[in-house]
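> Using the sequences and the accompanying hints, generate a full structural model.
Residue 693 in the working numbering is what sits at position 360 of the sequence shown, and the numbering runs on without skipping anything.
Honestly, the hints are just simulated from the structure, not real lab data. Beta carbons: idealized from backbone N, C-alpha and C, even for Gly. Where hints are given, some of them may not hold.
[Claimed, not checked] Here are the simulated distance ranges between beta carbons:
id	residue 1	residue 2	range
1	Asp387	Phe657	24 to 30 Å
2	Glu484	Glu682	24 to 30 Å
3	Glu397	Thr466	26 to 32 Å
4	Asp549	Ile460	21 to 27 Å
5	Val555	Val647	25 to 31 Å
6	Glu528	Gln348	23 to 29 Å
7	Arg654	Glu679	40 to 46 Å
8	Asp387	Ala523	28 to 34 Å
9	Glu663	Asp387	22 to 28 Å
10	Asp457	Gln629	31 to 37 Å
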Amino acid sequence: MRVAFVSETVAQHRQTGATRRLRRTAEGLAGRGHDVVVCCAQWWDGDHATFEQDDVTYRAVTDERGDGRFALALPAALRAADPDVIQATGDDPTHVLAAKAASVFLRAPLVVDWYESPQAGDADDPIWRLAATTPELVLVPSETVRTRVRELGADGEAVRVVPNGIDVDAIRAAEPREVADIVYSRRLDADANLESLLLALAELRDHNWSALVIGDGPERDVYERQVRDLRIEDRVSFAGEQPLENRISAFKGAHVYAQTARREAFPTDLLRALACGCAGVVEYHVESSAHELVEQEERAFRTTSEQELTDALVAASEMDRMDFNENFAEYDEEQVLDKYLAAYDEASERLSWVEPAAVAGGVMVVVALVALLVVLL
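Printed below as a string of structure tokens:
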């Protein structure tokens, strides 16, 4: 199968949840022998139109990101890629519409992998609603994002949850590194909400614990200052960014993993930590999907208040230690790749079911796209 991915920004430009997910999927499919092309803005040096890395071919749609020409140039790039299936990210509705226009004329189904929840106000924007309703299938990482995409008008029968995958074999084989009892791992940005955990830990000064914060970001200085203000700096360490191997070893050596972020499309490090045997403590937030991983898990707690969080940390620390939790083996990356391939097959079937409507819809999309690009350019 020849799969064309569409994303102006890729992991080689900037590391985000969406770009890491695209890269894992593209490289995983290539590793299974599929032909994979990623249509993106150029990130490599030189004037050649394509670049191969890890068996994935990257095709330059534009020379730079953010110049407004990506949607206009995308159909030609997809025509050159000649895919059996097109998978676009849901970051920009104009890119989705351009991919749809190309998919109609190439007779290749469009699948949109919608990683982040739509922003407030998007539901009232006709361009976003069109982007949510024109693909054959929409893939999302969690039920939380699925709900938000359906609010844009997407047919519930055409939205599939495909979680992020983890390397179960690597987790089984990893050696524990006992660096702390409690671990938090996430980019320290405005949504990290590390303060909830720090306040709970400050209430437990009389207990014997140590905590490790993995990750960096614009709010790190604020949190380090808060640790000093709470007078727990001798028990909380900041490790900064760490490679995956180090994070997994830390999870296997820890007893508890805490997740308190306000916004999370899919908490992959929480999943890894739970698979490593950590007891999980998740603070519920409406824009975070973290609670979905622990709703049926006996070794995890979902909290909705500061006191519940404090109590859950104590209860989690009293649980027996585990080296691996079989309940999360189903998230193995190979099984997740199977879900993508099944989605591509289903999208192809849906395309054949609605052929006349697809052609008519494609014409409407092209008209809407051209009108929009005139405004943008």
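> Hints first: check each against the structure and report whether it holds.
Hint-by-hint comparison with the structure:
| no. | hint | verdict |
| --- | --- | --- |
| 1 | Asp387 x Phe657: 24 to 30 Å | holds (28 Å) |
| 2 | Glu484 x Glu682: 24 to 30 Å | holds (26 Å) |
| 3 | Glu397 x Thr466: 26 to 32 Å | holds (30 Å) |
| 4 | Asp549 x Ile460: 21 to 27 Å | violated (35 Å) |
| 5 | Val555 x Val647: 25 to 31 Å | holds (26 Å) |
| 6 | Glu528 x Gln348: 23 to 29 Å | holds (24 Å) |
| 7 | Arg654 x Glu679: 40 to 46 Å | holds (41 Å) |
| 8 | Asp387 x Ala523: 28 to 34 Å | holds (33 Å) |
| 9 | Glu663 x Asp387: 22 to 28 Å | holds (26 Å) |
| 10 | Asp457 x Gln629: 31 to 37 Å | holds (35 Å) |
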